[in-house]
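2 protein chains.
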Amino acid sequence: MQLKKFFSVVAAIGVAVTLAQAEEIKLSKEEMAKANKIYFDRCAGCHGMLRKGALGPWIRPEHHKGKKGEVPGTKELGTKALVDIIYNGTPGGMPGWGKSGELTKEEVELMAKYVQLPPVAPPEKSLSDMKKSWKVLVPVSKRPKKPETKRDWQNYFGVVLRDVGKIAIIDGVTKEVVSVVPSGFATHILRMSKSGRYMYAIGRDGKAEVIDLWMKKPQVVAEIRVCNDARSIDTSKYKGYEDKYAVVGCYWPPSIVTLKGDTLEPIQIVSTASYTYDTGEFTREARVASIVANHHKPEWVINIKETGQVWLYNYEDPRNPTIHMLMAERYLHDGGWDLSKRYFLVAANARNKIVAVDTEKGKIAAIIPTGGVKPHPGRGANINHPKYGPIWCTGHIGSNDIVCIGTDPKNHPKYAWKVVADIKLPGEGGGNLFIKTHPKCKYIFADRPVNPNRKLQTQFYVIDKKSLKVVKTVPIPKEYLKPAKTKDGKEVKARGPVHFEFNKDGTEVWTSIWGNKLEPTPILVYDANTLKLKKVIKDPRIITPTGKFNVYNTMNDIY
Amino acid sequence: MQLKKFFSVVAAIGVAVTLAQAEEIKLSKEEMAKANKIYFDRCAGCHGMLRKGALGPWIRPEHHKGKKGEVPGTKELGTKALVDIIYNGTPGGMPGWGKSGELTKEEVELMAKYVQLPPVAPPEKSLSDMKKSWKVLVPVSKRPKKPETKRDWQNYFGVVLRDVGKIAIIDGVTKEVVSVVPSGFATHILRMSKSGRYMYAIGRDGKAEVIDLWMKKPQVVAEIRVCNDARSIDTSKYKGYEDKYAVVGCYWPPSIVTLKGDTLEPIQIVSTASYTYDTGEFTREARVASIVANHHKPEWVINIKETGQVWLYNYEDPRNPTIHMLMAERYLHDGGWDLSKRYFLVAANARNKIVAVDTEKGKIAAIIPTGGVKPHPGRGANINHPKYGPIWCTGHIGSNDIVCIGTDPKNHPKYAWKVVADIKLPGEGGGNLFIKTHPKCKYIFADRPVNPNRKLQTQFYVIDKKSLKVVKTVPIPKEYLKPAKTKDGKEVKARGPVHFEFNKDGTEVWTSIWGNKLEPTPILVYDANTLKLKKVIKDPRIITPTGKFNVYNTMNDIY
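So the sequence lines, in the order shown, correspond to chains R and H. For any residue, its number in this note's numbering is found by taking its place in the first sequence, counting from 1, and adding 244. For any residue, its number in this note's numbering is found by taking its place in the second sequence, counting from 1, and adding 244.
Calculated from the structure, these hints are not laboratory results. By construction, the Cβ of each residue, glycine as well, lies at the ideal position given by its N, Cα and C atoms. Please note that a few of the clues may not be correct.
Stated by the list, open to error - Derived CB-CB ranges, DEER-like:
#, chain 1, residue 1, chain 2, residue 2, range
1, H, K782, R, D373, 54 to 64 Å
2, H, E368, R, T348, 36 to 46 Å
3, H, E672, R, R563, 39 to 49 Å
With the hints as extra help, turn the sequences into a complete structure.
Okay, structure coming up:
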């Protein structure tokens with residue numbers, strides 16, 4: 245939420261900020277434990293463990309004089325105002341946790357009190373803490389020497405079953421569920437090793453695991469909890485280092501952890517706590533937003549949210565890493581490669597910009613204002629356009645822009661690092677989370693699950709890669725959006741489609757319904773050319789599917 | 245102080261650790277301010293700002309379970325035991341602050357209480373805080389275009405006047421005091437730019453300054469306070485970068501600050517907070533112990549005390565630095581180059597080892613146990629020995645060993661990274677701080693100012709570079725050791741000689757008497773071959789001279 249908006253919200257709810265009387269806040273041990281858990285699950289992502297803010301604002305008890313102006317402390321706001329904000333949300337992007345039914349009235353009240361207390365010191369995690377949680381479930385010597393399956397395992401889809409803490413492996417040809425394995429809490433992403441054999445998952449609780457896809461029935465072969473909160477994982481992809489190392493980017497403790505690729509044995513921890521690139525302020529909570537492996541160098545591109553730094557992390561000698569620190573923009577979030585895989589494009593969402601990192605030269609090639617609000621590329625979508633040459637596109641959470649940027653300074657210098665197209669999604673507001681394409685498909689697909697409008701939320705958007713226009717909107721058939729019922733008979737709506745993934749040859753596109761864990765939720769498989777619904781994957785085990793990762797496309801960074 | 249010794253001290257003073265009763269400690273605002281200052285000046289160096297220990301032990305209120313065993317909290321020890329330790333010191337190396345007269349009885353009592361309170365959160369320092377203190381006193385355009393003096397300015401000595409916060413520039417030929425300029429608090433070292441024109445000073449208060457030696461009367465031309473506590477400064481020495489950048493290594497906030505060489509305008513801050521190289525524990529207070537500029541690469545060698553990491557810091561693009569992190573040993577302290585300037589040798593004083601860093605290959609060449617206790621090389625002393633080839637020597641604070649190590653794996657592999665000589669200083673105990681030689685001189689000179697024995701403390705030791713034996717001890721004439729008198733008539737003794745420096749051609753060696761600021765203190769100039777006292781530099785302005793830095797020898801790393 246932008247500060248200006250935050251203040252207007254505060255004003256709108258009629259609170260005399262400076263006059264709010266100080267209440268004595270006391271929480272029982274049980275209340276504290278509950279609030280800590282809710283804070284970690286719902287709030288820390290945007291406001292930070294130390295509550296100093298990132299995508300969301302500062303929410304510490306004391307008043308804050310920041311670069312952009314003053315922010316009242318939560319003590320100044322007081323319980324009543326805070327309840328209102330937490331219950332109803334704000335136009336700036338704060339979800340209405342009460343209104344949506346995700347928190348009860350009592351929980352909203354609890355959180356309004358909790359944020360008026362000083363932040364709890366989050367735990368540190370040492371190498372020996374990590375090692376205590378490290379388990380090699382299937383030793384390397386007992387794993388297959390070649391694929392045990394006759395299925396096309398490179399066309400498997402790893403599907404995150406977010407709210408039940410599991411991962412499903414689905415055959416991209418037969419659509420059969422090959423295996424369902426346990427994972428960490430709310431797995432954020434899946435990544436593949438260079439060979440594709442190993443699938444890596446990282447949970448929001450910092451638990452990493454590796455699944456062996458060569459097994460007849462893939463299963464978790466090693467796991468370790470490397471941190472308390474994490475969002476990213478990748479592996480070493482450079483020639484000679486294939487499948488050798490894995491790397492986890494932690495939110496808390498803010499750090500980079502290198503692991504052995506096959507066993508997840510920890511090798512090294514490097515702190516990302518440092519100084520903001522622009523104002524030079526020390527930032528303990530400098531979180532790793534995303535990591536991507538370079539195919540052309542023994543290097544990971546590591547994007548650090550709060551400090552606005554991109555670290556090119558050389559893993560040739562993983563105990564003694566070399567880090568090239570590039571000053572970029574804030575707050576770095578996620579991103580993807582351009583078509584040539586020389587440039588990595590990452591969102592700086594607080595500044596509505598895209599940072600293009602030239603990994604060949606090891607420098608920032610450009611920082612491009614998108615014109616939209618809160619760019620959220622996922623990995624973005626690449627097009628080799630007849631006029632503009634290679635371009636890369638991103639959606640936005642805060643506005644209805646799908647924006648494409650020229651990425652070929654050599655052969656298309658006129659368009660390089662410029663917005664060449666701003667494709668407006670129909671209707672008001674943003675709410676897009678993911679776009680996706682495949683070189684063999686003529687379309688880009690876009691979701692819009694966090695748009696408040698029910699109609700806009702429950703359809704997806706098809707963009708023609710040549711005309712750069714929305715050529716079709718595809719509503720999800722009502723039968724797949726039926727509300728689920730809680731034990732006490734309350735109806736809970738499913739959101740619309742979220743996230744897309746193509747099959748190996750780019751002929752099908754899969755999307756999932758953002759349901760809840762009360763009932764199984766379908767995955768819908770569309771023909772990527774005719775846009776016909778070809779298949780609905782329903783299985784009692786498939787509950788809350790979110791991210792879907794085709795092995796071949798993920799190992800080769802095809803998007 | 246080693247933990248074992250610490251416990252024996254605790255036992256010796258008859259305190260039942262676990263039974264010490266909890267007292268309520270209360271200090272007034274004025275007492276807190278005074279104690280904070282004393283803590284920063286006297287205690288933080290060894291115990292750390294966060295009081296988690298480094299060279300000295302943990303001194304926080306709560307009990308500590310460390311790798312090496314348990315340490316009682318200061319609350320457990322109680323005021324009486326703490327007063328005893330602070331007043332009398334310990335055999336492990338803790339100075340007797342009361343006994344020596346450096347703290348009054350009341351101050352000792354105050355500190356005994358202070359350390360039972362939780363540590364005060366030390367202040368952060370942002371880029372804008374830094375910039376507020378930045379002053380260009382003489383703009384570059386108004387500085388001389390060539391030397392304005394007819395003196396041999398490359399034979400100047402910069403002399404730290406420690407306790408009066410000044411620096412004297414003394415002509416190495418005439419011994420005249422050319423200039424006395426103000427500096428930060430207790431300047432730790434002086435370093436020269438590659439050309440020798442600029443002399444850099446760093447105070448214990450983190451104030452950096454640059455002095456222009458081309459001026460007829462050298463003066464401070466720019467200053468900035470980059471941190472709250474610092475120990476090291478150096479400049480860019482690689483071809484094409486001569487005199488271009490300066491770098492400060494901070495104790496608090498633990499960081500590396502790059503500055504423009506001529507104006508000290510801050511360019512970049514990088515935090516050194518990270519994980520200990522061995523146990524992988526997060527260490528907020530990971531202090532920069534020393535920095536040295538590589539002559540063969542655009543790189544600084546940065547030694548981080550608590551984490552035991554050596555960072556090879558490439559400054560080609562100073563806003564976007566590249567850091568190669570080498571895992572070494574704890575706690576890194578100071579060190580110097582070998583004769584070839586390929587290897588940097590640095591003390592890991594908690595482990596009684598020397599780390600040899602191969603800066604050509606960017607790796608640790610060897611980690612060598614010295615056999616002595618608490619190696620303290622300063623920059624060490626190099627010898628091209630007829631039998632062992634190039635060797636590098638270091639003294640020790642905790643034992644009477646001057647130890648030499650082979651540094652030429654190519655031509656003298658038999659001796660490389662091995663202790664080839666352990667030269668015992670006569671008499672009991674250590675207390676050596678500095679040794680020094682010059683390629684043209686046949687001797688190494690060694691001081692011993694922190695040995696408790698008055699006789700051993702007040703003489704210096706002459707080692708023959710060929711026989712590797714102490715061939716002479718030279719007592720300081722009594723007339724230069726006369727006690728000074730305080731206002732109330734109390735006599736305060738001067739310690740013996742401390743620190744050596746050669747003149748440009750290596751024919752003279754200078755040492756200073758470690759006096760106090762009540763009276764001027766002499767610098768003694770000896771003939772480096774005959775060992776005759778040639779000249780005594782006395783001047784009303786020369787008070788508490790400690791480190792002496794010949795411009796030519798320092799800019800070329802001759803030792």
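Okay, the hints, checked on the actual structure:
{"no.": "1", "hint": "H/K782 / R/D373: 54 to 64 Å", "result": "60 Å, holds"}
{"no.": "2", "hint": "H/E368 / R/T348: 36 to 46 Å", "result": "39 Å, holds"}
{"no.": "3", "hint": "H/E672 / R/R563: 39 to 49 Å", "result": "42 Å, holds"}
When the structure is compared with the earlier hints, no violation turns up for any of them.
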